[in-house]
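One line per chain: the protein sequences are R and W, in this order.
With UniProt numbering applied, the first sequence has no gaps in its numbers, which climb one by one up to 198 at the end.
With UniProt numbering applied, the second sequence has no gaps in its numbers, which climb one by one up to 251 at the end.
Hints in this document: simulated from the structure, not taken from any laboratory.
All the pointers check out, no bait thrown in.
Beyond 10 Å from chain R on every Cβ pair, some chain W residues (computed):
#: 1; residue: Pro123
#: 2; residue: Pro128
#: 3; residue: Arg145
#: 4; residue: Pro191
Okay, the calculated bits of chain W under chain R, using three or more residues with CB under 8 Å as the criterion:
#: 5; segment: 44–55
#: 6; segment: 174–184
Label pairs and their calculated CB-CB ranges:
#: 7; chain 1: R; residue 1: Asp150; chain 2: W; residue 2: Ser37; range: 35 to 43 Å
#: 8; chain 1: W; residue 1: His122; chain 2: R; residue 2: Ala60; range: 20 to 28 Å
#: 9; chain 1: R; residue 1: Glu123; chain 2: W; residue 2: Glu77; range: 53 to 61 Å
No residue lacks a Cβ here, since even glycine has one placed at the ideal position from N, Cα and C.
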Amino acid sequence: MTTERSVEVTHVSQPATTPSQTVGPFFALPGGLPWPDGPELLPPEAPDAVMLRGRLSDGAGEPIPDGLIEIWQADERGGFAHPDDPREQSTDFPGFGRCATGPDGEFWFRTVKPAALPTPAGETEAPHINVTVLARGLLDRVVTRIYFPDEPAANAADPVLSGVDPARRDTLVATATVDGFRFDIRLQGDDETIFFAV
Amino acid sequence: MSTDSIGKPSDRLILPKYERDDASHPALDTPEYFSTSLRSPLRPLQLLPQNLTEITGPVLGHERVGETDHDLTVQHEGEPLGERIVVSGRVMDSDGKPVPHTLVEIWQANASGRYRHAGDRHPAPLDPNFSGTGRCMTDENGNYRFVTIKPGAYPWRNHDNAWRPAHIHFSLFGRAFTQRLVTQMYFPGDPLFYQDPIFQSVRDPKARERMICEFDLDSTLPEWALSYHFDIVLRGSQATPFEEDEDDDDD
Ligand SMILES: [Fe+3]
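Excised from the complex, chain W in its bound form (with noise of 0.2 Å):
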């Protein structure tokens, strides 16, 4: 037995495990969006079983995250331009368990569909009081929250008068390496998806609509900020084994 790597090797590891969803992602190979045809790797992917790697993720704590980076309108000296947005959910599995305490990195364009890059091109203005970036950490219950500026619409090129309907790009580790999403939100109603590639992309329509936030006028901030509700559903593991140990201990 080796005495300098953890564990004995007649201990037996009970692990979650993460349930696939693939019904809801996008294939690799979706040639409309004409990046993916030198990028998307052609050979079938390999199953990877879940193991310690897999059902565990970085922690990533409270450091990550500075006092205005939730708020998108006070991180410079004046106010940006745009339409105020308060953008807020709830970060959950699949099963309906809020994940908490993770943290949750947003980006996005202006008001005039610019982001603060070297590579837009777009010739609409920059804001010089907005950077387009946020993150925050999910409370007790899973509940995150942004206030923000709706962004703009932009051209991109992928194909003639190509323009990416309005979005948020988001970021969410949750608590496993298994369960890491990248994805973007939208905005009900946007007259754009129906030509936009990335999110055809989603084959489903009801997973698409997973993708949309709704307004909220409830939770408005009155004369001052209009705000979307947008709910994260990350992959579920069912009750792991250490749950059930710790609230139940006869069954």
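Bound-form chain R, shown alone (with noise of 0.2 Å):
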């Protein structure tokens, strides 16, 4: 028996998507892609959130004004508001978080530590949030990770972690502040911020 479909399958070909394109230096115009509760994933009085920020820089290690970042995570008990988890769980955590960098490079989240993840190979991923990042002259977003300092034991067994280049793996682990974390992103020189394709 096939999967039924209620719509006809226009192309019928090779994988083609559509390319990307740079988000261009524009894209924070009045109503545009940042939006005014981005950056808070919880409220100021939730009793877990923590305060990531960071800065943004680029190869001369001069601060990016027009830059985008997102994120993505699971809440504080590895949980995804995603119909596509299979684990049994629910959770009204938004999980993403949207930041136009300011004038200094600067960009920040308030959210929550993210718990520990199961993969299907049976491994364990260490607290983690993904990364996107848009700007003027990246034609396509980047991708990294931000892990945290206070898991090293997690982050020694994180399947990700350690399987990069143990001289650029710092790159990759947030600074503890006093009132959560730092996690400054250098788009190329040689403290590079390690990137991945997904």
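Make one complex out of these two single chains by using the hints.
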């Protein structure tokens, strides 16, 4: 028995996706991509809320004032509000944040530190946040991951983190601050952040 | 076994897998587009496995879309200047499945080629009746529709006398982190294509064509607006195990 589809398939050929193009310099026009509540995954009074701050910079070390940072993550119990997560669970946590960088290249989110996650291979991924970076001069988004400094054992066992060049591994680990964490993103240079193909 | 995390360690996860289509996408390092020189990462990308964080993604709903967000010609007191157009199409994945109930965001210059953005220094007039931003959700069949004004071309100083072909910026989420796409829609037959390093950054001519909408006389609004059709194809996941479970239990 085949799966029934209510819609006819219009193209039968090789996978042929629509190409990516740069977000350009003008996505932050009034009413554009940045949302007023974009950086706030949680209200200030939420008990587990942490501040995640960072700076986006270029190959000359200069701040990038026209970038857009998006994060996607599980909640503090490892839950995603998403139908493709096969685990029995539910959460009200939105998991998604969006923040345009300021004139100083800075971005911020009010969020929660996520829990570790199981993988199909039976391993455990250390707590992490997925990050999309969009900017003028980036023809496609670039993707990185934020890991946490207070999880040395989980980080050491993480299948992704343990697979990257040890000399550059620190670029994926946030640093602790008084009210949360800091994660700077360097698009280029000697201390270039590790970026991923997904 | 931890009691405060979800799922038993013994549960075997079966997740969809989203196919890559690297040949269709521009290289980050495209020197003809000068802004890439200090911004494109120079180290090779590391392959990220598609686990729970990658195969899920934000489920953004109607709360993000206001009543006039899909019609950029009625967002102000008066009507914007320029050529009214309808831009509609279907969001689907590369397996041909529609992507229903997903947020589509657009932004664009006005008919004169000027963005309502403090950083736009092109000395062309702003239009008090045009913001240039729109949002809508795809319907259950993946269809979306905007009413807007055909944007003008604009100069951008990348190289001597550089002009961007007319375009509308699109942002899409799909249903998974892997499917996130930001692109630009172009118009058929634009004489500026040949000199535009952003359009040309897509090396495969067939892939470039997928960024060009089709003029569609049949769906024009007679005596009112011309119409363009633009389908957007995100990465496919093949059939997911969950769908097979629902439809076919004995195989
Ligand atoms: Fe543009």
